[in-house]
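Novice: Sequence:
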Amino acid sequence: MLTGKLLPDAESEFFELLVIFFPIIYDVKYLMKNCKNLKVGFEEVAEQLEIERIGPQHQAGSNSLMTGLAFFKMKVLFFEDSIDEGKYSEHVYGLGHSAFPADEFVYENNPVNVVEKKSR
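In terms of our numbering, the sequence shown opens at residue 138 and continues consecutively.
Don't read these hints as lab results, they were simulated from the structure. Any given hint could be a false lead.
Unchecked claim - Capping the alpha-carbon separation at 16 Å, the derived lysine to aspartate or glutamate pairs in EDC-like fashion look like this:
1) Lys173 / Glu217
2) Lys212 / Glu153
3) Lys166 / Glu227
4) Lys170 / Glu153
5) Lys224 / Glu180
6) Lys210 / Glu180
7) Lys210 / Glu181
8) Lys166 / Glu184
9) Lys224 / Glu184
10) Lys176 / Glu187
11) Lys210 / Asp164
12) Lys166 / Glu180
13) Lys210 / Glu184
14) Lys212 / Glu187
15) Lys166 / Glu181
16) Lys224 / Glu181
17) Lys210 / Glu189
18) Lys142 / Glu153
19) Lys210 / Glu227
20) Lys212 / Glu222
21) Lys166 / Glu153
Stated by the list, open to error - Here are the in silico distance ranges between beta carbons for each label pair:
22) Ala147 / Glu184: 14 to 24 Å
23) Tyr230 / Asp146: 12 to 22 Å
24) Lys142 / Glu217: 25 to 35 Å
25) Asp218 / Leu144: 27 to 37 Å
26) Lys173 / Leu143: 37 to 47 Å
27) Phe151 / Glu222: 34 to 44 Å
28) Lys142 / Glu184: 38 to 48 Å
29) Glu217 / Pro145: 33 to 43 Å
30) Tyr230 / Asn174: 31 to 41 Å
31) Ile191 / Lys142: 12 to 22 Å
32) Glu181 / Phe209: 12 to 22 Å
33) Gly192 / Ile162: 31 to 41 Å
Note that the coordinates shown come from a computational prediction; the quantities given were computed from them, not determined experimentally. By construction, the Cβ of each residue, glycine as well, lies at the ideal position given by its N, Cα and C atoms.
Put together the whole structure using the sequences plus the hints.
Specialist: Right, here's the structure in full:
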């Protein structure tokens, strides 16, 4: 939308565009995976952080508000109100060097307790 072109095929090209338009980004799911004792699903995390949904679930405005509230609450509770930009910025959960490979690990209620996923 910002370039008038389709998204690039290569992930590296996507990240090049991402940092041009958004030089500092924080992916809430990536941050969640780095917070001890947080549950896995976003709804469970919101409940754990005592964030109350305003509006219907799966509506863009409601989800955006919850995501923003979760970010600021995690920032205070888990990052002492200062997120290390060098460590956490420009990471997108599931993409690039910041990926938590879904086929390698599964979290059980607490991201600290990593359990190897069993073969299918």
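Novice: Could you check the hint for me, namely that Lys142 and Glu217 are 25 to 35 Å apart, CB to CB?
Specialist: Between Lys142 and Glu217, where Cβ atoms are some 40 Å apart, the hint is violated.
Novice: Is it true that the CA of Lys176 sits at most 16 Å from the CA of Glu187?
Specialist: holds, 13 Å
Novice: Can the restraint linking Lys210 and Asp164 be considered satisfied, given a maximum Cα separation of 16 Å?
Specialist: Holds, at about 14 Å.
Novice: Between Lys166 and Glu184, does the CA-CA distance stay at or below 16 Å?
Specialist: holds, 15 Å
Novice: Between Lys210 and Glu227, does the CA-CA distance stay at or below 16 Å?
Specialist: Between Lys210 and Glu227 the Cα gap is close to 20 Å, so the pair fails against 16 Å, i.e. violated.
Novice: For a C-alpha distance cap of 16 Å, please report whether Lys210 and Glu189 respect it.
Specialist: holds, 12 Å
Novice: Range first: 12 to 22 Å. Now tell me if the beta carbons of Ile191 and Lys142 are that far apart.
Specialist: Roughly 35 Å apart at Cβ, these two residues miss the hinted range, so it is violated.
Novice: For the pair we were handed, Lys210 and Glu180, check the Cα-Cα distance against 16 Å.
Specialist: holds, 14 Å
Novice: Mind checking the alpha carbons of Lys166 and Glu180 for me, to see if they're no more than 16 Å apart?
Specialist: With a Cα-Cα distance of about 12 Å, the restraint between Lys166 and Glu180 holds, given a limit of 16 Å.
Novice: Given the hint that Lys166 pairs with Glu227, does the C-alpha gap stay at or below 16 Å?
Specialist: With Cα atoms ~13 Å apart, Lys166 and Glu227 stay inside 16 Å; holds.
Novice: Given the hint that Lys212 pairs with Glu187, test it: the Cα-Cα distance must not exceed 16 Å.
Specialist: Distance of about 14 Å is within 16 Å: holds.
Novice: Mind checking the hinted window 14 to 24 Å against the Cβ distance between Ala147 and Glu184?
Specialist: violated, 38 Å
Checked against the numbered hints given earlier, the structure breaks hints 2, 4, 5, 9, 16, 19, 21, 22, 24, 27, 30, 31 and 33 and satisfies all the rest.
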